[in-house]
Amino acid sequence: MSNDLSPKERMAIERVHMPELPADERSKNFEEVNQGLTPEQAVAEAQRCLQCKSRNCVAGCPVGVSIPEFIDALASDDLPRAAQVLRGDNALPAVCGRVCPQETQCEALCVRGKKGDAVAIGYLERYVADWAMQHPEGLIAIEAPEPTGKSVAVVGCGPAGLTAAGELARQGHKVTIFEALHDTGGVLRYGIPEFRLPKEIIDREVAVLSRMGVTIECNVIIGKTLTIPQLRSEFDAVFIANGAGLPTMLNIMGENLKGVYAANEFLTRVNLMEAGRRADSSTPILQRDEVAVIGGGNTAMDCVRTARRLGAKRAMIVYRRSETEMPARVEEIKHAKEEGVEFIMLTAPIAIVPTEDGWVSALRCQKMELGPADDSGRRRPQAIEGSEFDLPAGIVINAVGTSANPLLTATAPDLTLNKWGNIVADEEGETSIPGVFAGGDIVRGGATVILAMGDGKRAAAAIDKYLKR
Amino acid sequence: MFEVVSNEILAENLHKMVLVAPRIARARKAGQFVMVRLAQGEERIPLTIGDADPEAGTITLFIQAIGASTRKIVDTPVGGSIRDVAGPLGKETHITNWGRVACVGGGVGTAVLFPLVKALAEAGNEITTIIGGRSSRYVILADELGALSKNLLITTEDGSLGSKGFVTGPLGEMIADPACAPKAVFAVGPVPMMKAVANMTREPGIETIVSLNPIMIDGTGMCGGCRVQVGSETKFACVDGPEFDAHLVDFDGLSDRLTSYRKEEAQRHAATDCKIAKEVAK
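Sequences listed follow chains A and B, in order.
Residue numbering for the first sequence follows this note's numbering, starting at 1 and increasing by one per position.
Residue numbering for the second sequence follows this note's numbering, starting at 1 and increasing by one per position.
No lab work stands behind these hints: they were computed from the structure.
Hints may be right or wrong, so weigh each one.
Under the rule of at most 27 Å between Cα atoms (straight-line distance), these lysine-lysine pairs were calculated in the DSS-like manner [stated by the list, open to error]: (1) B:K263 - A:K419; (2) A:K258 - B:K118; (3) A:K334 - A:K114; (4) A:K258 - B:K235; (5) B:K195 - A:K258; (6) A:K28 - B:K263; (7) B:K91 - A:K313; (8) A:K258 - B:K263; (9) B:K118 - B:K91; (10) A:K419 - B:K91; (11) A:K115 - A:K8.
Given only the sequences and the hints, what does the whole structure look like? Please build it.
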């Protein structure tokens, strides 16, 4: 295939549509919704890229993937080279190709998006990453680096930790990841449902790290099993990426009733513990006809779509602003709607109404209207007097966010924290303790997979510099 | 993998299991727990660390096998192994020398009480331990606790051992007598028992600590499943507890949340029992 197209010819190609499972079918199972591009679709989409000089897309990517280069290789049907470029910049391309909010990052800055549709960079990344997983023999072998004799402990096996581990191993440092849960991936495994990110993808990405010599120890809780001072004495450097932590409570009446879940508990039961997925799973989960999910982010979308798949007849998103302000990815909102999820906008919960025997019976709500913008730049919702109403619900899921987990920081008194309990780190991720770096949600509060990965990548570069001093 | 080095039956459905877990054995303090998962696909279960031997690198767990998952855990033979044991989790017990303390244990709660009594004894407290159960078959660790306590009082509901009645009987007598009234009370056991103890010590203003056992998934604060109302605040038992001021705990709320999966559990039990019955019938 040729990539010698004129700009005019490139401009004439229309943006690809990702093949998806039909909504009525997929809303009953956990199969991946997006089916991936065909080879023809992938190459044609890659040829839409104008290979412009400005490379805005790269500037929009928190890990700085060499986007024009990998797309150019794909457009020329040179998949080994495309994979090589991608792997060089991104430790988890198959994950990013699935869960990154491309429409607000790389694709938002694509020149083609100014007039018409941006290049589907995310779909192409996924295509190349999946090809690489299926064709290990086609890849140029990564040469084992010369060992530096230095060791690094990484706390947390989520996106920031995995990224940092990959980068550091590539520099020849001996890396050990400590994970508190019994399996790898952090939020990628317990938080993101399989219909968005199959577990097999995580397993394969983690396997690549293992082949690079990274050791992963599960069931080790830093702050409890071992402390930061202990790690600091045993390793030459430490990277803390232990995630966000505690669910933020709603502080409304009835939030401890039976049938009220924090998003992480609901998702963990299903994703990590396989509840409701197999008849013989030993972890129970409640299944009800009416499920109300409070919040408008990706976590809320994951909860509501999971509830639908577990059999909810009415699966509802309750959000206090309007759809325009929702932080969830556009694609997740679209998929949720197709799957029959109801969006109840400009509505805030004010109490959870119990049955006589302590179960949830309804979510008491109040209608809102949007006032002037607040500190977050979004228009502040204001209650409309006398607009209270009860939304019948057998399960209520709180997906409004998380706050810093004190478990690690409580046993590391030298670590400077901000007023929210997050670790204070400089631009390169270095904390108040020399040789101890931090990144991801424990530094920035609840954010996205790709921002955490960006932190991991930056911190790894800084750690490498620190170790070579 | 965590190897099982001993597994003995202390009472009906109650096992004492010793596991190889060197890091946990070194790090643990009284009052802390571990999250245990037998194998791939199984549930994560919180279990109190009953004791530890840092030199041998072992921890001791007391496990009441009442649910499908705990039954499978106690079925692990010596030499076998448990896939996941994570900890120690939770805050350690605040131990000080109060002088006279009462330690009250009911059923399997007695096992949870054991590390507390040990730590309190080491801190020089004068301990009266009151333990109870439905019958003599459910009274555990009497010798071990007796050795650490100034007084050991036993109650059983059927009178088959010690005095007939509940643990609250002897505790009430202690509180009523100014010469024996405890400065602090530790109570671990079924929720109604802890609630009753809290109600007895509230009026005289005796500091009372209970160890709670809510439903828990990850044990590190991430999921929020173990929340309990303590005073005016919602607390997470895994990171803020598991021990709390008994006078502030909403025991009714805790008790209610513990029944969340009763229906689902019953269905799973039925499935397991059915299989066993079928095997026997063959």
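Evaluation of the provided hints:
no.	hint	verdict
1	B:K263 - A:K419	violated (43 Å)
2	A:K258 - B:K118	violated (36 Å)
3	A:K334 - A:K114	holds (22 Å)
4	A:K258 - B:K235	holds (16 Å)
5	B:K195 - A:K258	holds (20 Å)
6	A:K28 - B:K263	holds (23 Å)
7	B:K91 - A:K313	violated (42 Å)
8	A:K258 - B:K263	holds (13 Å)
9	B:K118 - B:K91	holds (17 Å)
10	A:K419 - B:K91	holds (22 Å)
11	A:K115 - A:K8	holds (14 Å)
Hint check: violations occur at hints 1, 2, 7; the rest are consistent with the structure.
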